[in-house]
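J.: The opening position of the sequence shown corresponds to residue 225 in the working numbering, with each subsequent residue numbered one higher.
What the hints contain is simulated information worked out from the structure, not anything from laboratory work.
All of these numbers come straight from a predicted model, not from anything done at the bench.
Please note that a few of the clues may not be correct.
[Claimed, not checked] Restricting the straight-line Cα-Cα distance to at most 25 angstroms, the calculated cross-link-like pairs of lysine-lysine (DSS-like) are: (1) 397 / 361; (2) 538 / 494; (3) 398 / 309; (4) 398 / 538; (5) 398 / 361; (6) 361 / 309; (7) 325 / 538; (8) 325 / 361.
[To be verified] What follows is a list of derived Cβ distance ranges for each label pair: (9) 397 / 288: 32 to 40 angstroms; (10) 319 / 671: 26 to 34 angstroms; (11) 453 / 358: 20 to 28 angstroms.
By construction, the Cβ of each residue, glycine as well, lies at the ideal position given by its N, Cα and C atoms.
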Amino acid sequence: MRSRIAMIGAALLVVAGFGLTVLPQAQAAVGLHVSGTRIVEANGQPFVMRGVNHPHVWYPGRTNSFADVKALGANTVRVVLGTGKRWGPSTDTAAVVDLCKRNRMICVLEVHDTTGYGEEAAAASLDEAANYWISQKSVLVGQEDYVVVNIGNEPIGNTDAAQWTDATAGAIKKLRADGFRHLLMVDAPNWGQDWQHVMRDNAQEVLDADTARNTVLSVHMYSVFNTASSITDYLDRFQANGWPLVIGEFGWRFAAGEVDHETILSESQKRGLGYLAWSWSGNSDPILDMALEFDPARLTTWGQRVFHGANGIKATAEEASIFGGTQPTSTTTTTTTTTTTTTTPGGGLACTARYTVTNQWPGGFQGEVRVTAGASPIKGWTVTWTFADGQAVTNSWNAVVTSSGSTVTARNANYNGNLGAGAGASFGFTATSGGANNAPAVSCAAS
């Protein structure tokens, strides 16, 4: 969906509730499946997706990307495939599944040709997508422990979004009738963002169409979800209905009015929801690339945030138990120091900053600084501190961070410097540490 990257978003996993007696008896669960509000493995162990999207169909030679995102901590990768109607056809499904398994990640396979159906003339229907999956059945059967079938990416545009309910239910029924027992994922209409709330208001009808009671719903969070309230209100509705949820695509606030990724990450962690960020590399709009030219040594601001930031992949991902269940490598501690403050020429409070160590591990740590405007709006901010124990910043996000010896200076990015009175912004960083890691005194100056 490279031409519509700004419209892409993250997956909401939703479980069918246990049926009434009038519903068909559910098949026994195999492999990955939904249980209550969670995704669980065959052994009943909960599994929370922490990973990224990889545009395989456009870059089939970039097979090293699977190992690269695993090395950065991902436990899941959502892989872009094509039916041949617009992209592909992807006939290397078996090789893709093998790459996921060899790199100890759960594989979410999705057909991208359905993107924007009804509004995009070239798009494939969900029925056509189901036919593609049936053509791949021989290499997917027996992989239920490792593979989630995401039937079609963002399968309805903004034209007649109401068709989503019947089309999605029909595709689920077709796959179940053909013998698929995998965990199925279905994306929302409105280019995945469900701003007309068709999925939110009709999800149960879709879930009830699944005789296996093993379907999850997917919402993609981009500019529609640009405030904390828009995100929490949407998630609250699914939580109240007892539907499990992951956020399978989302972007970041690289400009005013873009998606509030900080809330997505924090709410996902708080609620135990999986997320799959868009995307590893190769976007036509490179602002959404996590790695420059697929190089894991050249992570962008977005890549640093997703992999190394608070509530990010490195800190929170747990490997699926089918692979051995490696836990996050960092240990979490918290140390907070409130900064000294500066004043405006008129004597009013300009800004304050609070420094927090959010994670530590042998030889390094992760920090976060929260800047808060005082009694008057500010147009920009600069935070400074001096390390006393030999620490050195290695990466940063949501600020321009420079070092001179032990002194660190962080200036606002172009999208988070303008703060109203009492409003705040956060930035993060990772750093090396040779021993003691006491939080330094921090100062904040506003402009």
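J.: For each hint, tell me whether it holds in the structure or not.
T.: Consistency of the hints with the structure:
no., hint, verdict
1, 397 / 361, "holds, 15 angstroms"
2, 538 / 494, "holds, 16 angstroms"
3, 398 / 309, "holds, 20 angstroms"
4, 398 / 538, "violated, 38 angstroms"
5, 398 / 361, "holds, 13 angstroms"
6, 361 / 309, "holds, 19 angstroms"
7, 325 / 538, "holds, 19 angstroms"
8, 325 / 361, "holds, 18 angstroms"
9, 397 / 288: 32 to 40 angstroms, "holds, 38 angstroms"
10, 319 / 671: 26 to 34 angstroms, "violated, 54 angstroms"
11, 453 / 358: 20 to 28 angstroms, "violated, 42 angstroms"
The structure fails hints 4, 10 and 11 (numbered hints given earlier, in ascending order).
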